[in-house]
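We have chain H; now place chain C onto it with these hints.
Those protein sequences? They're chains H and C, same order as listed.
Residue numbering for the first sequence follows my numbering, beginning at 1 and increasing consecutively.
Residue numbering for the second sequence follows my numbering, beginning at 1 and increasing consecutively.
Treat the hints loosely; a few may be bogus.
What the hints assert, rightly or not - 27 Å max Cα-Cα, derived DSS-like pairs, lysine-lysine:
{"no.": "1", "chain 1": "H", "residue 1": "Lys444", "chain 2": "C", "residue 2": "Lys73"}
{"no.": "2", "chain 1": "H", "residue 1": "Lys397", "chain 2": "H", "residue 2": "Lys411"}
{"no.": "3", "chain 1": "H", "residue 1": "Lys364", "chain 2": "H", "residue 2": "Lys393"}
{"no.": "4", "chain 1": "H", "residue 1": "Lys364", "chain 2": "H", "residue 2": "Lys301"}
{"no.": "5", "chain 1": "H", "residue 1": "Lys393", "chain 2": "H", "residue 2": "Lys301"}
{"no.": "6", "chain 1": "H", "residue 1": "Lys388", "chain 2": "H", "residue 2": "Lys364"}
{"no.": "7", "chain 1": "H", "residue 1": "Lys364", "chain 2": "H", "residue 2": "Lys135"}
{"no.": "8", "chain 1": "H", "residue 1": "Lys393", "chain 2": "H", "residue 2": "Lys357"}
{"no.": "9", "chain 1": "H", "residue 1": "Lys204", "chain 2": "H", "residue 2": "Lys301"}
{"no.": "10", "chain 1": "H", "residue 1": "Lys104", "chain 2": "H", "residue 2": "Lys411"}
{"no.": "11", "chain 1": "C", "residue 1": "Lys82", "chain 2": "H", "residue 2": "Lys411"}
{"no.": "12", "chain 1": "H", "residue 1": "Lys411", "chain 2": "C", "residue 2": "Lys73"}
{"no.": "13", "chain 1": "H", "residue 1": "Lys62", "chain 2": "H", "residue 2": "Lys135"}
{"no.": "14", "chain 1": "C", "residue 1": "Lys156", "chain 2": "H", "residue 2": "Lys206"}
{"no.": "15", "chain 1": "C", "residue 1": "Lys156", "chain 2": "H", "residue 2": "Lys202"}
{"no.": "16", "chain 1": "H", "residue 1": "Lys202", "chain 2": "H", "residue 2": "Lys388"}
{"no.": "17", "chain 1": "C", "residue 1": "Lys82", "chain 2": "H", "residue 2": "Lys444"}
{"no.": "18", "chain 1": "H", "residue 1": "Lys204", "chain 2": "C", "residue 2": "Lys156"}
{"no.": "19", "chain 1": "H", "residue 1": "Lys364", "chain 2": "H", "residue 2": "Lys302"}
{"no.": "20", "chain 1": "H", "residue 1": "Lys62", "chain 2": "H", "residue 2": "Lys104"}
{"no.": "21", "chain 1": "H", "residue 1": "Lys388", "chain 2": "H", "residue 2": "Lys182"}
Worth flagging that the hints you see were computed from the coordinates, not collected in a lab.
Note that the coordinates shown come from a computational prediction; the quantities given were computed from them, not determined experimentally.
This is what each chain is made of:
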Amino acid sequence: MTDRKQLMNRRTFLRTTALGVTGVILAACTAPVAPAVAPTAAPAAGAAAAPAAPAMEGATIKFLGGPWSFLPDLDIVIDSFAAEWGKENNVTITFERDAQVLPKIQTAIETGSGANIIQFSSPPAIFANALVDVKEIVAQLDSEGGGYLPNAPYQMVSEGRWLGVPIGQHNWFINYREDWLKEEGYDAFPETWEEALSLGAKLKAKGRPYGMPFTDLAGGDGNAVPRLVLWAFGGKEFNADGSLTLDSQETLDALEFAIRLHNEAGDPGEVGYDDGANNAAFLAGQISMTPNVNTIYLPAKKNNPELAANMNHALPPQGPAGRFGYGSLPWWGILNQTEGAELDAAKAFMAAFLSMKNFGAFYKAGQGYILPLLPNYDNEPIWPEDPKLAIAKEMFKLALPAGYALPNQTKLAALIQDKIVIGKLFSQACSTGDARGALDGVMKDIADLELLT
Amino acid sequence: MDFATRSQPRSLGSTISRLLHKDSSLGYILLSPGFIFLTVMMAYPFFYAVYLSFTDKQIGAPANFTGLLNYTKLLSTTLFSKTVLNSVIYTTFALILKFCGGLALGVMLNRQFIGQRVVRALLLLPWIMPTVFSTMIWSWIFHPTFSIINDILVTKTGLLSEPVPFLLDETWAMASLIFINVWRGVPFFGITFLAAIQSVSPEIIEASKIDGASPWGSFWRITFPMILPVVVIVMLISTIGTLGDFDLPFLLTRGGPNNATTLFALTAYTLSLQSGMIGLGAAVTMTMFPVLVVLVIVSLISVRRQQQQD
Chain H
1 MTDRKQLMNR
11 RTFLRTTALG
21 VTGVILAACT
31 APVAPAVAPT
41 AAPAAGAAAA
51 PAAPAMEGAT
61 IKFLGGPWSF
71 LPDLDIVIDS
81 FAAEWGKENN
91 VTITFERDAQ
101 VLPKIQTAIE
111 TGSGANIIQF
121 SSPPAIFANA
131 LVDVKEIVAQ
141 LDSEGGGYLP
151 NAPYQMVSEG
161 RWLGVPIGQH
171 NWFINYREDW
181 LKEEGYDAFP
191 ETWEEALSLG
201 AKLKAKGRPY
211 GMPFTDLAGG
221 DGNAVPRLVL
231 WAFGGKEFNA
241 DGSLTLDSQE
251 TLDALEFAIR
261 LHNEAGDPGE
271 VGYDDGANNA
281 AFLAGQISMT
291 PNVNTIYLPA
301 KKNNPELAAN
311 MNHALPPQGP
321 AGRFGYGSLP
331 WWGILNQTEG
341 AELDAAKAFM
351 AAFLSMKNFG
361 AFYKAGQGYI
371 LPLLPNYDNE
381 PIWPEDPKLA
391 IAKEMFKLAL
401 PAGYALPNQT
411 KLAALIQDKI
421 VIGKLFSQAC
431 STGDARGALD
441 GVMKDIADLE
451 LLT
Chain C
1 MDFATRSQPR
11 SLGSTISRLL
21 HKDSSLGYIL
31 LSPGFIFLTV
41 MMAYPFFYAV
51 YLSFTDKQIG
61 APANFTGLLN
71 YTKLLSTTLF
81 SKTVLNSVIY
91 TTFALILKFC
101 GGLALGVMLN
111 RQFIGQRVVR
121 ALLLLPWIMP
131 TVFSTMIWSW
141 IFHPTFSIIN
151 DILVTKTGLL
161 SEPVPFLLDE
171 TWAMASLIFI
181 NVWRGVPFFG
191 ITFLAAIQSV
201 SPEIIEASKI
211 DGASPWGSFW
221 RITFPMILPV
231 VVIVMLISTI
241 GTLGDFDLPF
251 LLTRGGPNNA
261 TTLFALTAYT
271 LSLQSGMIGL
281 GAAVTMTMFP
291 VLVVLVIVSL
301 ISVRRQQQQD
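Excised from the complex, chain H in its bound form:
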């Protein structure tokens, strides 16, 4: 063997390769979870009010959002309008829909390409730097709709800017087994939480517990249901001036009640429900009540008509502080990389589609799945014809947002919602039976979030 051969023999080659492979493993394990992309360009200042708006004719706008998987008809309404409107205005609108849309939106923002209009449901505050102020569209809708309900500015306004246009709200109403309640002598679901508890205890004794998603594993139910109880007992996360007020006697009262409800009337698994678990449990006949939108009733009508006939809906019961509903808001926004003709086209398309004249078809197709945020819809023919969903019309003005009673959402409030902190509070209280301990734990979490923001 020559000296030169010794420089790169099999062993050296393997060693070098092992070093490379190890480097790959190391880099893969420590690489950022976020897409590795070039740093963002500074936001296009004043993009919303471009001085010389070019004609939108010939523009192409890209829509990026999650599909309406539960009710594909909603996507059909959007697509049909877009096709027609695009043809009339010589604008091409393309749609990209993905259930895991968050990384795609973030990639579009960071790369400055791939999307103009986005559809999302979590608070827009995390994209605040990347969204165009859409106050002109909001002003038009607000004017024709009789003024937005408080839910809308709360979720959408940040530092005086409308980050998006809310397209409606999901409301949680009580889904209950009418036949089982009749056996207990009830014609309808009780009006108060205390009455609901005493009924629930009777039902649980017969193996028909409630399924209250007191959980931090469900982004929808876990944010909504605990707040129905929290607010009914006078607890809330924030004061109107922005100060935190979760650690209060009212919150402890709500938690103590939730613990009783869980122990005496609840499904033991409800503290670990994900968003589909209560639907599945109700459809399987394992629980007698759960707060939800119409995503139990509509599938039951289709696949289990007997169950659909034996269930009904009611408003959330009242507590010492009153009756409260919860609304979560899907929204559309325009990314600030959109400029010129595309920006004009995106704004014009949103203003046209979301106007009362055109958007009623969307609500109608939803059959109560998504409700309006404008009071003038009260008299529009958009409400479900099915009498068992008639409750939707009463619900839509009742709902409050997560973070109540803040007038506008803050980053901390958005994180509390994103991380399902109130769901965790109720889950911990019900799992351990220790309301004070659960509240102390969650206050530490909130302190962490405050520190990190």
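Structure of chain C alone, referenced to chain H:
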């Protein structure tokens, strides 16, 4: 045409030819595509992540250098201390159990029995099955309401009066997570250990038997020391993978209940992607780096020692 012009192609060709025929340079030439690929695809994201961890980078906003602020913030949160503790517990228990299970499996598969090849192939199933799919099945098995195990233990047989809170209780949730990781990882350990055991010369084992060694003694005093380099490498590679595990806790528990199963990668994901705080998320991943560097160095030393033994 002058001499220089005429001689240049010949000179270039001969240089290339010389390089291709020299073992010392040929190796580097062959390695270069892989090296360039690694630099572009791995080194750039890595160094970009290092840079981001020292900035206040948020989604859609420019990154501003903030020094060690992200790290000091993280160190003062209970979320991070819980993440570190959870990751240590998860990795330690999962590795010990995978080692024990893998060794037992390797020894068992080394014995001759009918259907040995079929069993070997079947045992690999958990490892080759996509994690998303297998975790989805386990999430049904451990489901808070529809768990088949609870159905059998509580409803069907009445052996338990209350369902087991697989994913509801903090300790049970971590135990469930570790169990699935072990279930998924044991086949790889087993097959790798089996290959190492089979490379041990049967003559040595025979000689030990003739000298009166028991099977137990023969295994621990002869076989195990001989497969030790493989054991060390497998353990180290698995430590890196387990410490950075994301898909299993993300799909099964989302880090809950009460952050009891939040691991490094999941915390980084929730901070960077869900909350838009890219800089903080990058800082979480960077805190793993020193540990991983130590493990990789140990791993490389082991590889080198094994090569020297060869």
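Right, here's what the structure says about each hint:
A hinted pair counts as satisfied when its Cα atoms are at most 27 Å apart, and lysine 444 of chain H with lysine 73 of chain C qualifies at roughly 14 Å. This hinted pair checks out: lysine 397 of chain H and lysine 411 of chain H have alpha carbons roughly 25 Å apart, not beyond 27 Å. A C-alpha spacing of about 12 Å is found between lysine 364 of chain H and lysine 393 of chain H, which places the hinted pair at or below 27 Å, so the restraint holds. Proposed proximity of lysine 364 of chain H and lysine 301 of chain H is supported: the alpha carbons are some 17 Å apart, at most 27 Å.
Our distance criterion of 27 Å between C-alpha atoms is met by lysine 393 of chain H and lysine 301 of chain H, whose separation comes to about 20 Å. Between lysine 388 of chain H and lysine 364 of chain H, the direct Cα distance comes to roughly 15 Å. Compliance with the 27 Å bound is thereby established for this hinted pair. A threshold of 27 Å between alpha carbons decides the hint, and for lysine 364 of chain H with lysine 135 of chain H the separation of about 26 Å falls inside it, so the pair holds. Distance hint between lysine 393 of chain H and lysine 357 of chain H is fulfilled; the C-alpha atoms sit about 19 Å from each other, no more than 27 Å.
Of the supplied pair hints, the one linking lysine 204 of chain H and lysine 301 of chain H holds, its CA atoms being roughly 25 Å apart against a limit of 27 Å. Between lysine 104 of chain H and lysine 411 of chain H the alpha-carbon distance is near 21 Å, which keeps this suggested pair within the 27 Å criterion. Between lysine 82 of chain C and lysine 411 of chain H the alpha-carbon distance is near 23 Å, which keeps this suggested pair within the 27 Å criterion. Taken as a hint, the lysine 411 of chain H and lysine 73 of chain C pair is honoured in the structure, with Cα atoms around 17 Å apart against an allowance of 27 Å.
Between lysine 62 of chain H and lysine 135 of chain H the alpha-carbon distance is near 21 Å, which keeps this suggested pair within the 27 Å criterion. For a cut-off of 27 Å, the pair hint linking lysine 156 of chain C to lysine 206 of chain H stands: about 17 Å separates their Cα positions. Under the criterion of a C-alpha separation no larger than 27 Å, the hint pairing lysine 156 of chain C with lysine 202 of chain H is consistent with the structure, at around 24 Å. Restraint check for lysine 202 of chain H and lysine 388 of chain H: the C-alpha separation of about 25 Å stays at or below 27 Å, so the hint holds.
Among the hinted pairs, lysine 82 of chain C with lysine 444 of chain H is consistent with the structure: their alpha-carbon atoms are about 12 Å apart, no more than 27 Å. Proposed proximity of lysine 204 of chain H and lysine 156 of chain C is supported: the alpha carbons are some 19 Å apart, at most 27 Å. With a C-alpha separation of about 18 Å, the suggested pair lysine 364 of chain H and lysine 302 of chain H falls inside the 27 Å cut-off, and the hint holds. Pair hint lysine 62 of chain H plus lysine 104 of chain H holds up; C-alpha atoms about 13 Å apart against a cutoff of 27 Å.
Taken as a hint, the lysine 388 of chain H and lysine 182 of chain H pair is honoured in the structure, with Cα atoms around 16 Å apart against an allowance of 27 Å.
Violation of the numbered hints given earlier is absent; every hint is satisfied by the structure.
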